[in-house]
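> Got chain Y sorted already, so can you dock chain F onto it with the hints?
So the protein lines, in turn, are chains Y and F. Heads up, the first sequence is in the working numbering, so the first residue is 178 and it goes up one at a time. Heads up, the second sequence is in the working numbering, so the first residue is 6 and it goes up one at a time.
A hint or two may mislead.
To be verified - Dumping the calculated SDA-like pairs for lysine to any residue here, alpha-carbon to alpha-carbon at most 25 angstroms:
#	chain 1	residue 1	chain 2	residue 2
1	F	85	Y	302
2	F	85	Y	227
3	F	85	F	74
4	F	85	F	21
5	F	85	F	70
6	F	85	Y	239
7	F	85	F	11
8	F	85	Y	304
9	F	85	Y	235
10	F	85	Y	309
11	F	85	F	61
12	F	85	Y	232
13	F	85	Y	238
14	F	85	F	66
To be verified - To spell it out: a stretch of chain Y is covered by chain F in this simulated footprint if at least three of its residues, at any positions, have a beta carbon under 8 angstroms from a beta carbon of chain F; those stretches are:
#	segment
15	196-203
16	240-250
Said to hold, decoys possible - Now the stretches of chain Y that chain F is said to cover, found in silico as 3 or more residues with beta-carbon under 8 angstroms:
#	segment
17	207-221
18	224-232
19	258-269
20	279-286
21	305-315
FYI, nobody ran anything at the bench for these hints, they're computed from the structure. Note that CB positions come from ideal geometry on N, CA and C, so glycine has one too.
As a plain string of letters, each chain reads:
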Amino acid sequence: MSLFPLGWQHYLLGGLIIGTGTALLFVLTGRIGGMSTVFSSTWSYVVQRPFFQQARFVDSRSWRLVYAAGLVLGALVWWLGFSGGVREATAVPVWQLVVGGFFVGYGARLGNGCTSGHGICGLGSLQWPSLMAVLTFMATAFITANLAARWLS
Amino acid sequence: MSHQNRNLSGALATLAAGALFGFGLSYATMIRPEVVLSFLRFQDFGLMLVMGGAVMVVVVAYTLAPRLLARPLLDDHFHKHPSTWNRNTAMGAALFGVGWGLCGVCPGPAIAGLGAGNWDLLWALAGIALGALVQGLRAR
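The following block holds chain Y by itself, in its conformation from the complex (with noise of 0.2 angstroms):
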């Protein structure tokens, strides 16, 4: 058995360059760009709420879209040029998606943050909080995910 089966190159690679991306919006603009705000950020253009209007959602909102809609631009860029342009696909069932993808929202804007926030901008400004969070993401993912692969297929 084999820690990587599928060669590790491209996962420290990719790694490397999802580093100096985070590194050149630091460098050049001085934000710090984890990824879920853009989640509660958006919502700040159409619900009028006290919690969406705070200013750390409505002066952010902008950039968080240009810095999104580079995340889909990078990905566009691997697909035509390097993956040989098969469209990508899983096979995970749509309501794990949703469901999944709710707890997620909920629980990552809850917490202040993802695997992107906690883990690659908490972590990378050595702040103990955000290793106690990627710690308890990590065990809670752990264990729903081994209890899916038993229960649910």
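Below, chain F alone, put in the same frame as chain Y:
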């Protein structure tokens, strides 16, 4: 630089940084929920290399840039985003993990995957957006 030019160059820099992020996520196959789930089921430890590689670069940038530069190249100050450990962080992280373990999709790949034609991820994207909305409506 005029204010308008600075806004434009800031937007282009943000787009380029996001594009690197999205390219890296795709190159590392993190936009495939199956690969993420195989990590969570201890079948392929690649995700540790992705996260480790990214954190290494970011540690260097976050540590050195404010020491070497008075301000970011295109703006006037370096932001800080202190994280806190409290009930909400713990509960939020735990729920995030449950959802992540169920679908294998987190916010970055949900967005980036669309650029590679993975329309299935729109379901996850809708779920995440709805979850963020409900969180905000319940918050005080």
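> All hints, please: hold or fail.
Hint-by-hint comparison with the structure:
Of the pairs offered as hints, the one joining residue 85 (chain F) and residue 302 (chain Y) holds, with about 9 angstroms between alpha carbons and a cut-off of 25 angstroms not exceeded. For the hint linking residue 85 (chain F) to residue 227 (chain Y), the alpha-carbon distance of about 23 angstroms falls within 25 angstroms, and the restraint holds. With a C-alpha separation of about 15 angstroms, the suggested pairing of residue 85 (chain F) with residue 74 (chain F) holds against the 25 angstroms cut-off. For a cut-off of 25 angstroms, the pair hint linking residue 85 (chain F) to residue 21 (chain F) stands: about 21 angstroms separates their Cα positions.
Only pairs whose Cα atoms come within 25 angstroms are accepted, and residue 85 (chain F) paired with residue 70 (chain F) is accepted, the gap being roughly 13 angstroms. The hinted pair formed by residue 85 (chain F) and residue 239 (chain Y) meets the criterion: a straight-line CA distance of about 19 angstroms does not exceed 25 angstroms. About 21 angstroms separates the Cα atoms of residue 85 (chain F) and residue 11 (chain F), which keeps this hinted pair within 25 angstroms; it holds. A C-alpha spacing of about 11 angstroms is found between residue 85 (chain F) and residue 304 (chain Y), which places the hinted pair at or below 25 angstroms, so the restraint holds.
At most 25 angstroms may separate the alpha-carbon atoms for a hinted pair to count; residue 85 (chain F) and residue 235 (chain Y) meet this at roughly 17 angstroms. Proximity of residue 85 (chain F) to residue 309 (chain Y) is assessed by CA-CA distance (about 19 angstroms); at most 25 angstroms being required, the pair is judged to hold. Restraint check: the Cα-Cα separation between residue 85 (chain F) and residue 61 (chain F) comes to about 18 angstroms, which is no more than 25 angstroms; the hinted pair holds. At most 25 angstroms may separate the alpha-carbon atoms for a hinted pair to count; residue 85 (chain F) and residue 232 (chain Y) meet this at roughly 15 angstroms.
A distance of roughly 17 angstroms separates the Cα atoms of residue 85 (chain F) and residue 238 (chain Y); the hinted pair therefore holds under the 25 angstroms criterion. The suggested pairing of residue 85 (chain F) with residue 66 (chain F) holds, with an alpha-carbon distance near 13 angstroms, which does not exceed 25 angstroms. Note: the segment 196-203 of chain Y has 8 residues with beta-carbon separation from chain F under 8 angstroms; the three-residue rule is met and the coverage holds. With a cut-off of 8 angstroms between beta carbons, the segment 240-250 of chain Y has 9 residues touching chain F; three or more are needed, and the interface restraint holds.
Here the segment 207-221 of chain Y counts 12 residues with a CB under 8 angstroms from a CB of chain F, which clears the bar of 3, and the coverage holds. Look at the segment 224-232 of chain Y against chain F: 4 of its residues bring a Cβ nearer than 8 angstroms to a Cβ of that chain, three or more, so the hint holds. With a cut-off of 8 angstroms between beta carbons, the segment 258-269 of chain Y has 8 residues touching chain F; three or more are needed, and the interface restraint holds. Check result for the segment 279-286 of chain Y against chain F: holds, 8 residues qualifying (beta carbon to beta carbon below 8 angstroms, three or more required).
Counting residues of the segment 305-315 of chain Y whose C-beta sits closer than 8 angstroms to any C-beta of chain F gives 9, which meets the bar of three, so the coverage hint holds.
Against the hints set out earlier in the document, no violation occurs for any number.
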